[in-house]
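Visitor: Sequence:
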Amino acid sequence: MILCRFFYTLVSCVLISLCWSGPSARAESIVADMSDRVIKISSNFTGSNIVVFGMIERDARTVSRGDPYDLVIVVRGENQTLVSRRKERVAGIWVNKKRRLFANAPNFYVMSSTRKLEDIAHPSTLTKMQLGTNYLLMPDGFNPQDKFATYDPFREAALRLKRAKGLYRDDLSSITFLNKAMFRSTVDIPANVEVGKYEVTVHLFRGGSLLHSSSQQLNVTKTGFEQLTYGLSRNHGVIYGILCVILAIFTGWFAGIVFRKN
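Here my numbering runs 1 ahead of the position in the sequence shown, where the first position is 1.
Misleading hints may appear alongside valid ones.
[Stated by the list, open to error] 30 Å max Cα-Cα, derived DSS-like pairs, lysine-lysine: (1) 117 / 129; (2) 98 / 166; (3) 129 / 166; (4) 198 / 117; (5) 88 / 166; (6) 99 / 129; (7) 129 / 198; (8) 166 / 181; (9) 99 / 166; (10) 41 / 198; (11) 223 / 166; (12) 129 / 181; (13) 198 / 223; (14) 181 / 117; (15) 223 / 41; (16) 166 / 198.
In short, the hints are calculated from the structure, not lab data.
Could you build all of it, start to finish, from the sequences and the hints given here?
Guide: Written as structure tokens, this is what we have:
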């Protein structure tokens, strides 16, 4: 009986020590911030940029690893339903025929990484976390690494158009390590960015495993007269429409007086 109790106590102590040491073995964490949390769009807005910086914190009991740290920074806009259409020639006229809807597609997506994504994590992880533009707009169960996967022209066209507008972008090797723990990265924001809330997330990887993630919110807003007109058009559509009609009538009347022939 005494031997059984001793064995039970020993096993309990081992299990408790394992549970206690488990988090310490993966004690790396990310502390990150941004140079700006608000981007203001005015009439002369030509684009902007934000600097994402931070450091990797390690616990005193963190297990030493042989693999280097990898970082993936994602700036993601609000989700929307994206429509991809294909034109076909009918009776000599090009018209929109087939279309494909992509739900929960971000209106803006920029990914920065320390190296090629496939060298950081397995494609299944990249697909699940939607890291990189190649892993966006993907249906359930779709694997872009499968050479036998069905080619989707609608998805490819949607990605191509977003990339051409600068709204979807992959910046490989754009993250700079200032030392073993501190890092920084500059993310360009184009002039055609939409107003709304954006999520800036920093992911820490090592040896193909995700260790920690840190997220902040970036707000893109309009200022001045642009803010007034934008707010009216979104929140008070009737008033905005009436004011536009009145302005058009006044402009036509005033132009008639100015250019009227004597």
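Visitor: Each of the hints needs a verdict: does it hold here or not?
Guide: Hints and how they fare:
Restraint check for residue 117 and residue 129: the C-alpha separation of about 17 Å stays at or below 30 Å, so the hint holds. Restraint check: the Cα-Cα separation between residue 98 and residue 166 comes to about 24 Å, which is no more than 30 Å; the hinted pair holds. Distance check on the hinted pair: residue 129 and residue 166 sit about 25 Å apart at the alpha-carbon level, within 30 Å; holds. For the suggested pair residue 198 and residue 117, the alpha carbons sit about 28 Å apart, so the restraint of at most 30 Å is met.
This hinted pair checks out: residue 88 and residue 166 have alpha carbons roughly 20 Å apart, not beyond 30 Å. Distance hint between residue 99 and residue 129 is fulfilled; the C-alpha atoms sit about 28 Å from each other, no more than 30 Å. The straight-line distance between the Cα atoms of residue 129 and residue 198 is roughly 22 Å, inside the 30 Å bound, and the hint therefore holds. A hinted pair counts as satisfied when its Cα atoms are at most 30 Å apart, and residue 166 with residue 181 does not qualify at roughly 36 Å.
As the CA atoms of residue 99 and residue 166 are separated by approximately 23 Å, the hinted pair is consistent with the 30 Å bound. For the suggested pair residue 41 and residue 198, the alpha carbons sit about 12 Å apart, so the restraint of at most 30 Å is met. With a C-alpha separation of about 20 Å, the suggested pairing of residue 223 with residue 166 holds against the 30 Å cut-off. For the suggested pair residue 129 and residue 181, the alpha carbons sit about 29 Å apart, so the restraint of at most 30 Å is met.
Taking the CA atoms of residue 198 and residue 223, the gap is about 12 Å. The hint holds against a cut of 30 Å. Proximity of residue 181 to residue 117 is assessed by CA-CA distance (about 20 Å); at most 30 Å being required, the pair is judged to hold. Restraint check for residue 223 and residue 41: the C-alpha separation of about 5 Å stays at or below 30 Å, so the hint holds. Proximity of residue 166 to residue 198 is assessed by CA-CA distance (about 19 Å); at most 30 Å being required, the pair is judged to hold.
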